[in-house]
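The lines below spell out each chain.
2 protein chains.
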Amino acid sequence: MKCRVCREPAVIDIRRHNANFCVEHFLRLCRDQTAKAIEEFSMLSPGDKVLVAVSGGKDSLALWDLLVELGYEAHGLYIGLGIGGYSDRSGAMVRDFAQARGLELTQIDLRADYDTDVPTAAKATRRVPCSACGLSKRHLFDRAALDGGYDAVATGHNLDDEAAVLFGNTLRWQTEYLARQMPVLEARAGFPRKVKPLVRLGEREMAAYCVLRGIDYIVEECPMAVGNKHLGYKEALNEIEARSPGSKHDFYFGYLARASHRFADAAPGVSSGTPGDTDSASVGRCERCGSPSTSNTCAFCRLIEASAGAQPVTITEKGRLK
Amino acid sequence: MKCRVCREPAVIDIRRHNANFCVEHFLRLCRDQTAKAIEEFSMLSPGDKVLVAVSGGKDSLALWDLLVELGYEAHGLYIGLGIGGYSDRSGAMVRDFAQARGLELTQIDLRADYDTDVPTAAKATRRVPCSACGLSKRHLFDRAALDGGYDAVATGHNLDDEAAVLFGNTLRWQTEYLARQMPVLEARAGFPRKVKPLVRLGEREMAAYCVLRGIDYIVEECPMAVGNKHLGYKEALNEIEARSPGSKHDFYFGYLARASHRFADAAPGVSSGTPGDTDSASVGRCERCGSPSTSNTCAFCRLIEASAGAQPVTITEKGRLK
Numbered sequence: 001m002k003c004r005v006c007r008e009p010a011v012i013d014i015r016r017h018n019a020n021f022c023v024e025h026f027l028r029l030c031r032d033q034t035a036k037a038i039e040e041f042s043m044l045s046p047g048d049k050v051l052v053a054v055s056g057g058k059d060s061l062a063l064w065d066l067l068v069e070l071g072y073e074a075h076g077l078y079i080g081l082g083i084g085g086y087s088d089r090s091g092a093m094v095r096d097f098a099q100a101r102g103l104e105l106t107q108i109d110l111r112a113d114y115d116t117d118v119p120t121a122a123k124a125t126r127r128v129p130c131s132a133c134g135l136s137k138r139h140l141f142d143r144a145a146l147d148g149g150y151d152a153v154a155t156g157h158n159l160d161d162e163a164a165v166l167f168g169n170t171l172r173w174q175t176e177y178l179a180r181q182m183p184v185l186e187a188r189a190g191f192p193r194k195v196k197p198l199v200r201l202g203e204r205e206m207a208a209y210c211v212l213r214g215i216d217y218i219v220e221e222c223p224m225a226v227g228n229k230h231l232g233y234k235e236a237l238n239e240i241e242a243r244s245p246g247s248k249h250d251f252y253f254g255y256l257a258r259a260s261h262r263f264a265d266a267a268p269g270v271s272s273g274t275p276g277d278t279d280s281a282s283v284g285r286c287e288r289c290g291s292p293s294t295s296n297t298c299a300f301c302r303l304i305e306a307s308a309g310a311q312p313v314t315i316t317e318k319g320r321l322k
Numbered sequence: 001m002k003c004r005v006c007r008e009p010a011v012i013d014i015r016r017h018n019a020n021f022c023v024e025h026f027l028r029l030c031r032d033q034t035a036k037a038i039e040e041f042s043m044l045s046p047g048d049k050v051l052v053a054v055s056g057g058k059d060s061l062a063l064w065d066l067l068v069e070l071g072y073e074a075h076g077l078y079i080g081l082g083i084g085g086y087s088d089r090s091g092a093m094v095r096d097f098a099q100a101r102g103l104e105l106t107q108i109d110l111r112a113d114y115d116t117d118v119p120t121a122a123k124a125t126r127r128v129p130c131s132a133c134g135l136s137k138r139h140l141f142d143r144a145a146l147d148g149g150y151d152a153v154a155t156g157h158n159l160d161d162e163a164a165v166l167f168g169n170t171l172r173w174q175t176e177y178l179a180r181q182m183p184v185l186e187a188r189a190g191f192p193r194k195v196k197p198l199v200r201l202g203e204r205e206m207a208a209y210c211v212l213r214g215i216d217y218i219v220e221e222c223p224m225a226v227g228n229k230h231l232g233y234k235e236a237l238n239e240i241e242a243r244s245p246g247s248k249h250d251f252y253f254g255y256l257a258r259a260s261h262r263f264a265d266a267a268p269g270v271s272s273g274t275p276g277d278t279d280s281a282s283v284g285r286c287e288r289c290g291s292p293s294t295s296n297t298c299a300f301c302r303l304i305e306a307s308a309g310a311q312p313v314t315i316t317e318k319g320r321l322k
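Top to bottom, those sequences are chains U and D.
Sequential numbering from 1 applies to the first sequence in the working numbering.
Sequential numbering from 1 applies to the second sequence in the working numbering.
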C-alpha cells in the first residue's frame, strides 16, 4: 500500500478516492479538502475571525486545528452540558487541547451559569434530550458569535453527519428541513453566519486526522444519543458505502447540485433537520435576552425558566436518567 | 394475537399497520389496499381490460388474482427470457396458475420467437443482463397491450420494490428518473397506460397472500439479479423499517405527496429508474417494428439484430455465464 502522491508507505486508504496516503499527504489532503469546501461554498474569507463550536470530539477539535492551520483567527467555544461524566471528560479534552496550543477558548457551563443541565432541562420541558441540547447549543453559540463580533460560527459536521441528516430528512420528505440543509447558512437578523467546513471529509478520516496530529479527543458517543434514529441512518448508509464507495459523497453533493434548489421555496427560516434543531423565523425579539423569537420569550429562556427550582436529574454512565 | 377486525386468532401481524389479521380479513385487507391504490391514483376504471405482466413470482401472480377478484378483465402475458432453469420453472408456475383458474394467458418466448435470450442478448449488446431483460420486457408488454386493445399494462411492483427504486434514484439524485417514478404512467403515443396496483402492499404480505390463497409461485430470485444494487437498497430499507415500522410507506407516499411535483420538469419521456428501464421519448418510429424510437431502429430490434448468429450464452444455476 503506497501513498498516491509520493509512493512511500501509506498509513490510510480512502476507498471513495480509490487511493492511499502517507501521513504527510493524508494531513495535506484533509487541509486541502477543508480549504476546497470553504472556497466551493464561499464559507469564509481569508483572515476571518471564526468561532468554532467545540465538543471535545474528533470532528470539532480537528476542525479547530485545521482552521488555525489554514490561517483563520479561530477561537473555541465549549459548552458544559452537564451530561454526567461524559461532559466532565469532554470538557477536559477541550481545555487540554486549547492550553497545549495556546488557543483562545471560551467556556459556558449550563449548571454554573444557568443553574440547569441537559438532563434536567429536557425533563422539565418534556423535550427529548437531543432537542434540549441542540436548542441550548444553538442559542449560546449564536449569542457568543454576535457578541464577540465573529464572522461565522463553524461546526464540525462531517460528510457522514450531513449524509445521515439528509437521509433522515429524505426518508420523511421533510421539505422544510431539506430546504435548509446547506453547508452555509448566511447571517440574518439576530443569527450569525454558520458554516460546515468538514463536509468533504468522512468520520473515519477525522479520527485518523486526530490520531496523526496527536489530538486527544473523546471517543465515546454522548450517552443520551445512543440508539437514536440518526445513528440508524448512519449504519444504513455505511452498508451502502461499503458496497459502493463514494455513495455518501454522491448522495450529499448530488443533492446540493441537482435537488436542493427544488426545495428552496419550502419554508425558509426553519430548522436544518439536525436532530433537535428548531430555529425559528426571526419575527420578533425575546423580551428577556433580546434573541430572535416568534413568541415573547425565546425557547432557551423558557427552558431556563422551566428548569428553575426543578429537582436536578442525573444520568448513569449508560445514559439512563435517575 | 387476535385479528383486529373479528378478534378471532390471527395468522399474520403487519407492524406498519400495528395490527394482526385472520386469514379472511388479511385477504380482504389485500383486496382493499389494491382497490384503494387503484382509486387513489385513478389507475383503472371498472371493467377495464388489463394485461398483467406475469413472471411466475409472488407479486405478479397475486396481482393477477387480485385484479380478477376485483372484477377486471385481466389477462396474463408471460415472457420466456431464457434464463436457464429459472425461466423453465417460472413459466411452469404461470401456466399452472392460469390453467387451474381458466384464465387467458399469452406466452412469448425469446428463444422460440426471436432466436435469442437474455444472457445471449446481454453479452451481444454489452448490456448488463437486467438492462437487456427490462428493455425486452417493456417492449413486448407495450406491444402486446397496444395490439390487444388493453386499457393498461399492470405490473406487480410492490411497496418494497418502489421504495427501493426510489431510494436508489434518491441516493444518486437522478432527477429524470425521480420525475417518472409514479404508480401510474399515462398512455402516450406508442405507449400503453402502465399501472402498479400493489404499491400499498409489501413483499411479505404478497408472499402471505399467495400462501393463503394456495398460489404456487417461484420463490428463488432471478439468478442474474443476485447481488445487484437494488437488493442492497432493499436490505438497507429493511433495517430502517425494522427500527421504525412504516418508514418505507412514509418514504414512498411522502415522495408522491410532497416531493414528486418538484421533479416534474426533469426530463419527461425517460425511464422510471427501474433497473434496466430506458424508455425513450417518442420522437419517431422504429423502421422495423413501428415502435416509438429516437433512432431509426429501436433498442429492442437492435438487440435482436445483435443477437442474430451470436453463440448462445447459457448460465449456471448460480447465475454465472458460461
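Incorrect hints may appear among the rest.
[Stated by the list, open to error] Take a look, some chain U residues computed to stay more than 10 Å from chain D by CB distance:
#1 E40
#2 R188
#3 I215
[What the hints assert, rightly or not] No farther apart than 20 Å at their CA atoms in a straight line, the calculated lysine to aspartate or glutamate pairs in the DMTMM-like style are these:
#4 D:K234 <-> U:D250
#5 D:K49 <-> D:E186
#6 D:K229 <-> U:E287
[What the hints assert, rightly or not] Some, not all, of what chain D presents toward chain U, calculated at C-beta under 7 Å:
#7 L171
#8 K234
#9 A236
#10 N238
#11 I240
#12 R243
#13 D250
#14 F251
#15 F253
#16 G254
#17 A259
#18 R262
#19 T314
Quick caveat, the hints were computed from the structure, so don't treat them as lab data.
The C-beta atom is built at its ideal place from N, Cα and C for all residues, glycine as well.
Cross-check of the supplied hints:
1. E40: Non-interface label on U:E40 holds, nearest chain D Cβ at 17 Å vs cutoff 10 Å.
2. R188: 24 Å, holds
3. I215: With a cut-off of 10 Å, U:I215 remains clear of chain D, as the shortest Cβ separation is near 33 Å.
4. D:K234 <-> U:D250: 19 Å, holds
5. D:K49 <-> D:E186: 15 Å, holds
6. D:K229 <-> U:E287: Distance of about 55 Å is beyond 20 Å: violated.
7. L171: Holds, about 5 Å.
8. K234: 11 Å, violated
9. A236: With Cβ-Cβ at 4 Å, under 7 Å, it holds.
10. N238: 10 Å, violated
11. I240: Holds. Min distance 6 Å.
12. R243: 5 Å, holds
13. D250: Cβ of D:D250 sits 6 Å from chain U, so the hint holds.
14. F251: 5 Å, holds
15. F253: 9 Å, violated
16. G254: Given a least distance of 4 Å, the restraint on D:G254 holds.
17. A259: Hint holds; D:A259 Cβ to chain U Cβ min 5 Å, cut 7 Å.
18. R262: 4 Å, holds
19. T314: Not OK, violated: D:T314 not within 7 Å of chain U, min 28 Å.
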